[in-house]
Every structure is written in structure tokens, then in C-alpha cells.
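There are 2 protein chains.
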Amino acid sequence: MSGMGIAFATLPSFAYSTGLKANVKKPAFTFQLGIASYSLRKFSLEDTLKMTKRLNISRMSFKDYHLKLDSSDELIAETVKKCNDTGIRLYGGGVIYMRSNEDVDRAFEYAKKAGMEIIIGVPKQDLLPYVEQKVKLYNIKLAIHNHGPKDTNYPSAESAYVKIKDMDPRMGLCIDVGHTKRIGREPEKDLKDFFERVFDIHIKDVDQANEKGTTVEVGRGIINIPAFLKEAVRLKYSGTMALEFEKDSDDPLPGMAESLGYIRGVMAAL
Amino acid sequence: MSGMGIAFATLPSFAYSTGLKANVKKPAFTFQLGIASYSLRKFSLEDTLKMTKRLNISRMSFKDYHLKLDSSDELIAETVKKCNDTGIRLYGGGVIYMRSNEDVDRAFEYAKKAGMEIIIGVPKQDLLPYVEQKVKLYNIKLAIHNHGPKDTNYPSAESAYVKIKDMDPRMGLCIDVGHTKRIGREPEKDLKDFFERVFDIHIKDVDQANEKGTTVEVGRGIINIPAFLKEAVRLKYSGTMALEFEKDSDDPLPGMAESLGYIRGVMAAL
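Chains A and B, in that order, give the protein sequences. Numbered by the working numbering, the letters in the first sequence go through residues 1 to 270 in order. Numbered by the working numbering, the letters in the second sequence go through residues 1 to 270 in order.
Bear in mind the hints are in silico, worked out from the structure with no lab data behind them. A hint or two may mislead.
Identical copies carry no separate label here, and so any pair may be met within one copy or between two of them.
Claimed, not checked - Capping the alpha-carbon separation at 25 Å, the derived lysine-lysine pairs in BS3-like fashion look like this:
{"id": "1", "residue 1": "LYS192", "residue 2": "LYS163"}
{"id": "2", "residue 1": "LYS50", "residue 2": "LYS124"}
{"id": "3", "residue 1": "LYS53", "residue 2": "LYS247"}
None of the values given here were measured: they were computed from a predicted structure.
Produce the complete structure using the sequences and hints provided.
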């Protein structure tokens, strides 16, 4: 099933979907673009998949708005089928908060039933040894998501990295570049420093490098997106680069489209 | 009034509109992004300006859908005021077809009353000497728009260039990169070859390099956009680079946003 994702390497993806050959030579990248479904939190599953398809994206991580954590086996199977039928690979779940052993149990069962490769999660720090057991048992990766200033659990990628660096190699990070910038760090530096454990990325842009910073269309903010993407290419990042667009929740499509266009434009010019 | 346009050089334009300082160093470009209002031909003037603003664009050329060629002086003044009040510079009109002296008279009066710098036009070839007289009289530039295969008037930029190259230096071209590609030419080569007379550009992407080619989101088609933009930067193109997006006429905003995002991304990475 992991073969369903359209590799960024096959750009332009239009050529993929229509069978047309492009005459533009593109470099082969090792990662793929995706969408974190939190961006589409106000929309039904059907509309979410339709919009994702329109954005020419084939990898998605689901926030529980689109598939509740306590869903029945039937609903999970049906939802995954809808994703597959649309040509979208539901590769991960998140952000999933885990405050108890039961939360951890539920998250891994959920991910297993949905065929997810990864849980983008925020487990309480004292649950990490229990999460590690589950990672080994299920062979599903954990990617801890940093949430910036005021997050007492994992404000930065580093704060998560130091906790998991000696654990199972499937214990890792989802670097949220927006929250990274909001805490005054350079996303490309954190990507490099913690790279061995970076399994997922939330790509976005923010308007300020402090706790007041909020999401804007990628390219309109203060994050050096070309520098970040260049570093991801140099390091041969091979996970998903998932757009998480928090702005305009009632009408996010234009901003998401602009953001993905910007990322693709940078990639094409690198 | 020409000072109203937000120079691409002041990127990120978000910083312009909010007064925030960006910490990302951008190269200074000599041209500005715009929109050809044909892209929004199914929308009212108000919605068109609102969408353009949302796309963070401040320069626009109007197709007659948004201001009819036979509009009263009052309507023209009112429309220009609405543009100005939204922070949008109505820099040109087009594409305007001219099949008679009367059409030429009307076009130049219209452009003058609206304060336009340029007419993106398709005058019948035998009208060119008359158009040249008007260009001199009004000091408004003419930019002949190429329309690709099947256009018997100006299929390529070259076919227009050879007709105007010895005329007044304000007689020039609007290179439509899509129609250029559709006729099997490389837009960056035509831009270089006819550069001294290129006053306007319609930027877009197409899916095929022949007459069946149709508009797709910039970056999804076969035009080498990075090569074209790189050439525009190298040549220090100083006109407007106006997106003309023909696809999804009932709901063009996401595709326009993706296209402009892609162009901005390429520019940021050059």
C-alpha cells in the first residue's frame, strides 16, 4: 500500500495523473508532499478527500475530526477504503494526545487497524517507556510533535529528541516548522541536528518568531522555506512533508493551494 | 499612481501589507506580479477585487467583463476608484480586439480615461500604422498579444514583432507563455529574442505543446517556469508578470493561488 503515494520524484505530478510526459527535467527528491487533515478540520471526510485530490496530493495524516480514535473496525475499514478509492494514502494519524496507558493502547490499535505507518503524537513524558513497548510490538513509528512556546511537554524538537534518542530507533519526531520558528529556532538547523529521528514534518509558515506567531500562506511569512527545503533535499529526507495550514479554517483551500504551489515552486527551482 | 503597485522587490509582500519585517533575505526583482482579469471573467467587479486582494496581488489588467469598452466616463471613474480603494492598480486593459479605426479610437479613449499605461491588444495588421499614431498621441503603450496555433493575426510573438519592430518604441508585445508553448516555441527564448519590445507577460502553464494544449495550474504543465522566470530576472524585465488562468472558470481561486504560489516559490529559490 505504501506504493500508492505519488513520489515527489515523479514531478510534475500532473504528468503522473494524466499519463502525459513532461519535457521539464526535474531533480529526483526523496520525500513526498502530504496534508495534515487538521487543515481541513471543518470539512466532511468526502470534502476533505475531494479537496486533497484537487490539490494533487496523495498522502494524508488524519486528525481525529476525520476518523475518531474510538471508531469501530467497520468505520475504520470504510474510511481507509474511501481514501484508497480516491488515490490517497492514509499514512499517519495525528496529532494524537496520550495522557494514560489506555490512550496509548487505543492510539496503536487505531493506527494498526487503519494501516498507518506512523503516529504523530504527544505522549506525556512519563508514558514514553510504555509507548516504546508499543512501537516495538506494533512496528508503528512514533513521531513526537513539538508545539512551541507554552507547551510544557515538548516545546521544541530538541526537548523531545533528548527523551527518545536512546530509545528504539522507531521513536522519533515530527518537526513542526511553525512551532519551531515560534520558539525562536531555525527549522533547517533542527532538521539537521535531529535528522536521524525525523520521521514526519509539518510544513507551514508563520508571521512572527514568537508565541504570537500565527499561520500564514507559505511564502508570506518569516520562515526561510527555500533554506529548509534545500536542507531536506541535501539530507535526503524520505518521510512526508505535510502541509498543516491553520488559517482560514472555513475556507482554507486557496491558502493551502498557494502554500503547496510555493513549496513546489521552490523545489522546482532548487 | 504608478507608485501604488507593490514591487515584487519588496517581498514578502505580506510584510508590506502588515508592516512586519521579514528576516528572509530576498533578491530584488525588477518586475511585479499581476492578474489578467480574464481569469475571473465570471465574477463581479467587487468579487474580482476581493479575490485579487486575497491573492496578495496589487496590479491588474481588465478584460471588458469588468469594465466594458463603451462605459461612461462616470462608470470608468467609479471603477478605477474601487480598484484604488482596494489597493489595486488597474495598469492595463486587455485583451482588446481592434478591427476598425473606430475600435482603435475607443480603446485609446477608454485606456486614457481609466489611467491605464498599456493596451494589451490585437489590432488587425493593417491597422498598425493607425494604432502607432494613437500610441504617440496618447503616450499609452500597445502590447500585441499572441494567440497560438489557428490565430491568423499573431500566432507567435515573432509574428507581431516583425510588424512593429521599426515602429515607435512604445509599440510592443505581451508574450503569452501558454500560447507560445502551444505553437512549439520556448517562452524564455522568445522573451530574450524580442525583449526590447516586451511590455507585458501573460504567465500560465499548459498541458501540451500543441493546439490541443490547455491551461493547467502553473507548475503542473510542461512549461519550464523556472527557466522562464530566471530569464526574466536576468534580462531585468520591468513590466508586469500577469497570471492569466483560464481553467476552472466557475471556481478559479484555488488554481490561481497555487499558480501564484508556485511562481513566488520559484522566485524565492532563484
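Okay, the hints, checked on the actual structure:
With identical chains, the CA atoms of LYS192 and LYS163 are at most 25 Å apart within one copy only, with a shortest distance of 18 Å there and 56 Å across copies. In this homomeric assembly, LYS50 and LYS124 never come within 25 Å of each other (Cα to Cα): the closest approach is 35 Å inside a single copy and 45 Å across copies. Taking identical chains as interchangeable, the C-alpha atoms of LYS53 and LYS247 lie at most 25 Å apart whether they share a chain (20 Å) or sit on different chains (16 Å).
In this structure, the one hint that does not hold is number 2.
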